[in-house]
Every structure is written in structure tokens, then in C-alpha cells.
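Chain by chain, the residues:
2 protein chains.
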Amino acid sequence: MNSVNLELYLVLDPVLCGGEDGMVRTALEAVRGGCTIVQLRAPGWKKRRLAECGRALLKALAPSGTPLIVDDHVDVALAIGAQGVHVGQQDLQPQDARRLMGPRAIIGYSVSSGRELALCAPLVQEGAVDYLGIGPVWATATKPDAASPLGLAGFAELAARRPCPAVAIGAVNAGNAASLAGAGADGLAVVSAICGQPDPRAAAALLLHAFRQGLSR
Amino acid sequence: MNSVNLELYLVLDPVLCGGEDGMVRTALEAVRGGCTIVQLRAPGWKKRRLAECGRALLKALAPSGTPLIVDDHVDVALAIGAQGVHVGQQDLQPQDARRLMGPRAIIGYSVSSGRELALCAPLVQEGAVDYLGIGPVWATATKPDAASPLGLAGFAELAARRPCPAVAIGAVNAGNAASLAGAGADGLAVVSAICGQPDPRAAAALLLHAFRQGLSR
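Those protein sequences? They're chains R and D, same order as listed. Sequential numbering from 1 applies to the first sequence in full-length UniProt numbering. Sequential numbering from 1 applies to the second sequence in full-length UniProt numbering.
Calculated directly from the structure, the hints in this document are not laboratory data. Be aware that a few hints might be false.
Where chains are identical, the list cannot tell them apart; a pair therefore holds if satisfied intra-copy or between any two copies.
Stated by the list, open to error - Taking lysine to aspartate or glutamate and the DMTMM-like style, the derived pairs with C-alpha atoms no more than 20 Å apart in a straight line are:
| # | residue 1 | residue 2 |
| --- | --- | --- |
| 1 | Lys-143 | Asp-199 |
| 2 | Lys-143 | Glu-29 |
| 3 | Lys-59 | Glu-116 |
| 4 | Lys-46 | Asp-145 |
| 5 | Lys-46 | Glu-157 |
| 6 | Lys-46 | Asp-199 |
| 7 | Lys-46 | Glu-116 |
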């Protein structure tokens, strides 16, 4: 299993960030505020645009060493040399992603239920998956096709059985960050808690502070 | 440049074919009627479904040696071991597709204007592109986001300058097949002229017959 710092996982939203330039700016500010890993996710975009934006993000993130994860598109990740890919239950199988990306790539997988989680253990054992995104914890507007929310108790139940590190996702914000740390999250995945915020750097710092407070309780 | 028989290029439409099973049946019947190459194109599908359908098509097409081309998704093509990929102007760059797919893969590229065609010659020279899809020749319902139609004269103008073999696409049918052969097409790319037809095998044979008549004039 490749080790990765999941503490504050930013999922960039092209609309909330206001396009490519805004995505790069948001990512850089968030990293200055403590964000540890960045995902490029733009389900409505064609791949040429994704690749261009991804290359700009890679360049911007290189000095800090922050890994860039591409949502869904293994081919875009390979073409631009991103550090990893995140796949969902309807995307390519994690085993296929691993075979194409090689052993050093970071591969994440989305899990929304106990049944899906149970099927993950062998994927982690065989080295296909490095981390999980467990959610949505709460209902979110930034992913209209998401599964039904788990709630905090439902998240804690899944997190207790996680076979590898996992981030909590779905309406995560500074107000619930500490409770998620207490519920077993290894990190927070956020969209609107950073994207579109007036000060993404301060927003990131606040999230991280709240999460760490929850860990130390 | 990898050599490929483009004479009758079937682009499978999941709706017209009635889902996965219908796509496999349509492809097999079309091949029996003379179809030389098959493309899997389902823009609304997620990749796990695409990969599953693609694997079923590969298995069905293997005995005849008919190549399977995946539209847009280089990662799906790689994951399932398809013979090639077709990219459009907004998809991954053909050079990226070539780098990821290797020298033996069949790589096609869509061209809709003289400007786009002019930019293709170096791509062909450097070995990134094996064939072109030139169109739409006429307006078509099966690709709502297509560029404006070229018309037969416009197609002929582009085909005369093609730096590699090219198929005509866009409302191609048995009635206009001969004229496209006369206008310089190396093959016909069809969707609704085969998909959803009561007898896809007979439809393919009719298209091929008309195209060859046009060539021999």
C-alpha cells in the first residue's frame, strides 16, 4: 500500500472555483493553508480540457510536492503524469487502474455501504487500492448522483472496518471536522468548504485545525 | 502508419442496438455482412459498463479478426486490450493516445474542417494517427454535438488532401455510399444504417456493395 497524507484532501470543483485559473489558485492557496492532496474532478469536461488543466495544476503543485489525483480518467492521469487516480463503483475497476498506472501510483476508491466496503478488503490486500473515500457522510449539492447519506454513526461503522486509510466525504466542513476525526476518518475530503470560499487558505487552515482537535480528544 | 481495412466501419449505438446484447449481436451480424472494423461508442456510459461491453465485443469479434476501436477512452481500450482508439478534437491529443497505446494500436482522429485537416499532416507523419474520420458529411441525429455538415463537395475537398486513409461519417447510407466512394472516401462509417436495422447483416452487405460500385466507376 502506497502511503499518502490524506489529512486534508481537496476536491476541486470547476464551477465553484470559476474555471481553470481559479482551480489552480484555489489549490495553491489551500496547500498554503495545509491541504495535503488535491483531486481534479470535472465530470462535465472533455479530456483535452482536463489534461490541460491537470498539467497546469501539476506545475503549480510540484514545488510543494502535493500529489494530484485525477478523478475517474486513468488515461488523463497517465497522459499528464499525475500521481494518482480516484475511481468510483461505476468507473474502471481499481485492479485495471493499478495495472495501467503501475505500483507507485496512488489509487483511491469510493465506498458508500457496508457491502461495498466488504468487497474492498481483497483489493487492498492485493495492492490495488491505497485509500478509500467513504461517503457521502451527509447530503451534498456538489455530487447530485451520490448514494444516500451515511450519517456520522453510519460513517463510524464503516470507518471502524476500513482495510486502509480513509477520508470522509460529503458536506464536510469546519463545523463537523472534529466529529469525523472522532469517528475514525484519516482525513477530510472537501469541496465547497474550500472551493469558492473568499479565503481558501484560511478555510483550509481552519478545517485542519478542527480535524486535529478532534484527533487529539 | 498502421494499415487497417476501413471499407465498412460500424459505430455501435447503444440505444439503437438496444443495449449490450444488441450491440454484440449487431456487430456480429454486420461482420457477417462485410463490416471490416467496429467502434464502441457510448458517450453516456460510465467506464465499468463500457469495459464490460467492450470485453464482450472483443470476445465476439476475435474469431473474425475484426478490430475493435474504443471511442474517446484510451484507458478503457488499454484495460480491455482493444485494437485501437478513436479521438476527437476535444478528447486526448492523438500523440498522448499513441504514447499510451503503443506503436501497434490503431488510432483514429476526427476532422471537420480544412483547418483541422491541415493540423493533421504532422500527426500522421510522426505516426500518431492511422486514419481519419471526416465529417459530418450530412447532418445526423446520432451525434447531436457534431460540427456543421460539409456536404458532398466539402467532403471531397477535404478527402483530396487527406494525409492518410479516411472514412466518411454523418448520415451515410446505401443511397449515398457510391457518391462518397467517388468523392475519395476510403471507407464508410455508419451508425443508423446498420444499428437498429431489421437485418444488420443485409444492411452491411448492401452498403458495401454500393460503396464498391462507387469505387469501380
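Exercise. At most 20 Å between C-alpha atoms: does Lys-46 with Glu-116 qualify within a copy, between copies, both, or neither?
Worked result: The answer is between: 18 Å across copies meets 20 Å, while 29 Å in one copy does not.
Problem set entry | Homomeric proximity label, Lys-143 with Asp-199: Cα distance no greater than 20 Å | neither (23 Å within a copy, 42 Å between copies)
For this session: Give the relationship of Lys-46 and Asp-199 under a CA distance limit of 20 Å: within one copy only, between copies only, both, or neither.
Result: neither (29 Å within a copy, 35 Å between copies)
For this session: Could you figure out if Lys-46 and Asp-145 sit no more than 20 Å apart (CA to CA) within one copy, between two copies, both or neither?
Result: both (19 Å within a copy, 13 Å between copies)
Problem set entry | 20 Å Cα threshold - placement of Glu-116 relative to Lys-59 | neither (35 Å within a copy, 29 Å between copies)
For this session: At 20 Å max between alpha carbons, let me know whether Lys-46 reaches Glu-157 within a copy, between copies, both or neither.
Result: neither (37 Å within a copy, 29 Å between copies)
Exercise. How would you classify Lys-143 and Glu-29 at a CA-CA limit of 20 Å: within, between, both, or neither?
Worked result: neither (23 Å within a copy, 41 Å between copies)
Violated hints, in rising order: 1, 2, 3, 5, 6; the structure is consistent with all others.
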